[in-house]
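S.K.: Below, each chain spelled out in residue letters.
There are 2 protein chains.
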Amino acid sequence: MSEVRTKALLAKSASRSLADLSSVERDRALELMADALIRNADRIMKENRKDMVKAEENGKPQAFLDRLMLNETRIGDMAKGLMSIRQLSDPIGETVAAWVRPNGLEIAQIRVPLGVVGMIYESRPNVTADAVGLCIKTANAVVLRGGSDAINSNRIIADVLAQASLEAGIPEGAIQLIHDTDRSSAVELMTLSGIIDVLIPRGGGGLIRSVVENAKVPVIETGEGNCHVYIDDDCDPQMAIDIVVNAKTSRPGVCNAAEKLLISRKSAPRLLPDLVRALKEKGVELRGCPEAMRLANGIMPAAEDDWGREYLSLIMAIKVVDGINEAIEHINRYGSGHSEAIVTSSYFNSRKFTSQVDAAAVYVNASTRFTDGYEYGFGAEIGISTQKFHARGPMGLKALTTIKYVVHGNGQTR
Amino acid sequence: MSEVRTKALLAKSASRSLADLSSVERDRALELMADALIRNADRIMKENRKDMVKAEENGKPQAFLDRLMLNETRIGDMAKGLMSIRQLSDPIGETVAAWVRPNGLEIAQIRVPLGVVGMIYESRPNVTADAVGLCIKTANAVVLRGGSDAINSNRIIADVLAQASLEAGIPEGAIQLIHDTDRSSAVELMTLSGIIDVLIPRGGGGLIRSVVENAKVPVIETGEGNCHVYIDDDCDPQMAIDIVVNAKTSRPGVCNAAEKLLISRKSAPRLLPDLVRALKEKGVELRGCPEAMRLANGIMPAAEDDWGREYLSLIMAIKVVDGINEAIEHINRYGSGHSEAIVTSSYFNSRKFTSQVDAAAVYVNASTRFTDGYEYGFGAEIGISTQKFHARGPMGLKALTTIKYVVHGNGQTR
Chain A
13 MSEVRTKALL AKSASRSLAD LSSVERDRAL ELMADALIRN ADRIMKENRK DMVKAEENGK
73 PQAFLDRLML NETRIGDMAK GLMSIRQLSD PIGETVAAWV RPNGLEIAQI RVPLGVVGMI
133 YESRPNVTAD AVGLCIKTAN AVVLRGGSDA INSNRIIADV LAQASLEAGI PEGAIQLIHD
193 TDRSSAVELM TLSGIIDVLI PRGGGGLIRS VVENAKVPVI ETGEGNCHVY IDDDCDPQMA
253 IDIVVNAKTS RPGVCNAAEK LLISRKSAPR LLPDLVRALK EKGVELRGCP EAMRLANGIM
313 PAAEDDWGRE YLSLIMAIKV VDGINEAIEH INRYGSGHSE AIVTSSYFNS RKFTSQVDAA
373 AVYVNASTRF TDGYEYGFGA EIGISTQKFH ARGPMGLKAL TTIKYVVHGN GQTR
Chain B
13 MSEVRTKALL AKSASRSLAD LSSVERDRAL ELMADALIRN ADRIMKENRK DMVKAEENGK
73 PQAFLDRLML NETRIGDMAK GLMSIRQLSD PIGETVAAWV RPNGLEIAQI RVPLGVVGMI
133 YESRPNVTAD AVGLCIKTAN AVVLRGGSDA INSNRIIADV LAQASLEAGI PEGAIQLIHD
193 TDRSSAVELM TLSGIIDVLI PRGGGGLIRS VVENAKVPVI ETGEGNCHVY IDDDCDPQMA
253 IDIVVNAKTS RPGVCNAAEK LLISRKSAPR LLPDLVRALK EKGVELRGCP EAMRLANGIM
313 PAAEDDWGRE YLSLIMAIKV VDGINEAIEH INRYGSGHSE AIVTSSYFNS RKFTSQVDAA
373 AVYVNASTRF TDGYEYGFGA EIGISTQKFH ARGPMGLKAL TTIKYVVHGN GQTR
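As they're listed, the protein sequences go chains A and B. Residues 13 to 426 (the working numbering) are what the first sequence spells out, left to right. Residues 13 to 426 (the working numbering) are what the second sequence spells out, left to right.
Treat the hints as calculated values from the structure; they're not laboratory data. All values reported here derive from a predicted model rather than from experimental measurement. Ideal Cβ positions, reconstructed from N, Cα and C, are used throughout, including at glycine. One should not assume that every hint holds.
As the list claims (entries may be wrong) - Derived list of chain B stretches under chain A, where covered just means 3 residues or more per stretch with a C-beta under 8 Å from a C-beta of chain A:
id, segment
1, 112-121
2, 193-201
3, 244-255
4, 362-373
5, 378-387
6, 395-402
7, 409-423
What the hints assert, rightly or not - Calculated Cβ distances over 10 Å to all of chain A for the following chain B residues:
id, residue
8, D32
9, I50
10, A53
11, S205
12, P230
13, R426
Model the full structure from these sequences, guided by the hints.
M.R.: Below is the structure:
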């Protein structure tokens, strides 16, 4: 049997008894795993050095090397991450709803683990610890498939965590890392229906599309954000500038950053020059429709394919629209269903926008940058789902759970 | 463009404005659709006659003809079904949760339609009306792909419903039926990612497996039920007999009927002869392990492949097990994750069973036959999900919804 199938089956088998451990036992495992990372920091850095040397030899860019590199501080942060997951309240066993039927049957909807979570990710080795922590907290077994660039780092981290978890009574096999980093091992993982209960890709658009395209198991699609800010006819001008600048520039490389500015024809002559000036001061390259180019200086022409693109950098495209209806139409046509914002003083337009825009998160007078598990108060984040199925928007621990109906009777028949 | 893609895109486009209709408007549509079925009963029966003639010519069995046949009573029942969906409370727009963050952001989780629901089903034309009713109630557009045997019936029913819905202001295109009943049209529907938001197959195991295997869009797997009743060491003997007989014989052709009886080695000598007698009186064919065959008369030997089978008929296989641990192990190995029951007087064993059995519905001292949207009090049933993702167990209207985060601020930036 292949490595992927063997390890996934071991995880499946471990998931049965894992689901039966108490919260106390799973939290104890998170503590022991955090301790073990710190105690084994030297071994982890030594293995990480191998990955770094190979990446340097392969001429990888500095930003790549920076994501790959582990030092004592970063290993400490991984341990702190596990401890902060430990602090969260346990979703498993929660009674979501319960009721009694006229015939006396007591029906309860109980939150239970999904079973086996698969994670496919790229070069950052800290994802290994984070994914293990989230899965053990929610009593799920986990099968990790990291990228080839970080394989030595991922192997030692997974080994250290698995070893430490055993001491806390986590069943052997619950934490699995696929050593084969060939593309075929990722594809095999995507096809294990009946074994992998959910697959979460974490990484760039190419990885996510490949998983969505090839998977035969349930997938949570995360990440792509072509987010818009729409400036309505009536609005507070300073608020408009603050929100657009924040949404575009506070962290341009993340999925909840704004990529597009839509502005109503009524507001554009008054606001666009100041908006453009504020964005240019932050170093943003601007592209726009002909009308935007006429109203402010320093805007390059936008091409049709700009409207659907996620730049993930200091670029923003600007379009002047008739008003709220064209804005909503444009967003529903070109947006990725992630985060969309309106800046408005109009009661009716705020309601129209939140009701008609089809996205995971819709904002009135606030920055798109708030779409985040921590900002929403979930205390952890599995990712941000851009699909509508199972989970949508920032995902906390509950995204790794399902429900079970538990029905108590005293002999009822039908 | 193909018929399937064209119609799915029309449905997608209609789904945007459909989501914005009020509950009153959608309920009005259900009333008008119910009226229209009654008014057009003659036209529907005429078209149904064509399907019946073809089925008779093709030598279809009587049970098949009975499922296909429509008369005034059955058309009246379809109309009544729409009116009972109308009576249900509207899940759309519900605030699932709402909270305020320290920075003043008001975050609300709002229930919204999924968008476009695809249904692939077989010969029963009443599914057409039922599916349309459930989708319009939840403000979803619907793309129907029924079987070739009922194509004339399905076309007239879908036409009548679509026409009536327009009068209530449902956007044109929201109700689509694929006329092409070739296998390729079903396969094409399964691959329309980004257009079809969820696909629900309703029919036999072959159809469901083909959809799960081929779909590139989210699927809700329904139906297969290899359900067990386990008789524990200590239990009320009459309750054990009542539950087993009810679970097996009250409606043997449905997915929540029991297919297997597990009995503890301690209870078997005392209870098995009476159990076998009661089942045989109801005409049940019994197969069993060698130990069961020694303890009672009239049991045929079971083959290994019996333990995983869903008979959907008056057959039951019996296995004597060591006790609760072997029962749980057997169920988790051979069960389909549908409905599982224990008959016990033991507090600890009842808890162990509900906690360790991995199924959508787990029963203590009640028949598996209760796994049903109506029996659970949902007022409607889309199907019974045997997957863990998005929906599990009997599905009411909520399974056709997702959530959207609506965030109100007063200028917050991050």
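S.K.: Decide, hint by hint, whether the structure agrees.
M.R.: Checked hints:
{"no.": "1", "hint": "112-121", "in the structure": "holds (count 3)"}
{"no.": "2", "hint": "193-201", "in the structure": "violated (count 0)"}
{"no.": "3", "hint": "244-255", "in the structure": "holds (count 4)"}
{"no.": "4", "hint": "362-373", "in the structure": "holds (count 8)"}
{"no.": "5", "hint": "378-387", "in the structure": "holds (count 6)"}
{"no.": "6", "hint": "395-402", "in the structure": "holds (count 4)"}
{"no.": "7", "hint": "409-423", "in the structure": "holds (count 10)"}
{"no.": "8", "hint": "D32", "in the structure": "6 Å, violated"}
{"no.": "9", "hint": "I50", "in the structure": "31 Å, holds"}
{"no.": "10", "hint": "A53", "in the structure": "32 Å, holds"}
{"no.": "11", "hint": "S205", "in the structure": "7 Å, violated"}
{"no.": "12", "hint": "P230", "in the structure": "4 Å, violated"}
{"no.": "13", "hint": "R426", "in the structure": "4 Å, violated"}
Hint compliance for this structure: hints 2, 8, 11, 12 and 13 are not met, and every other hint is.
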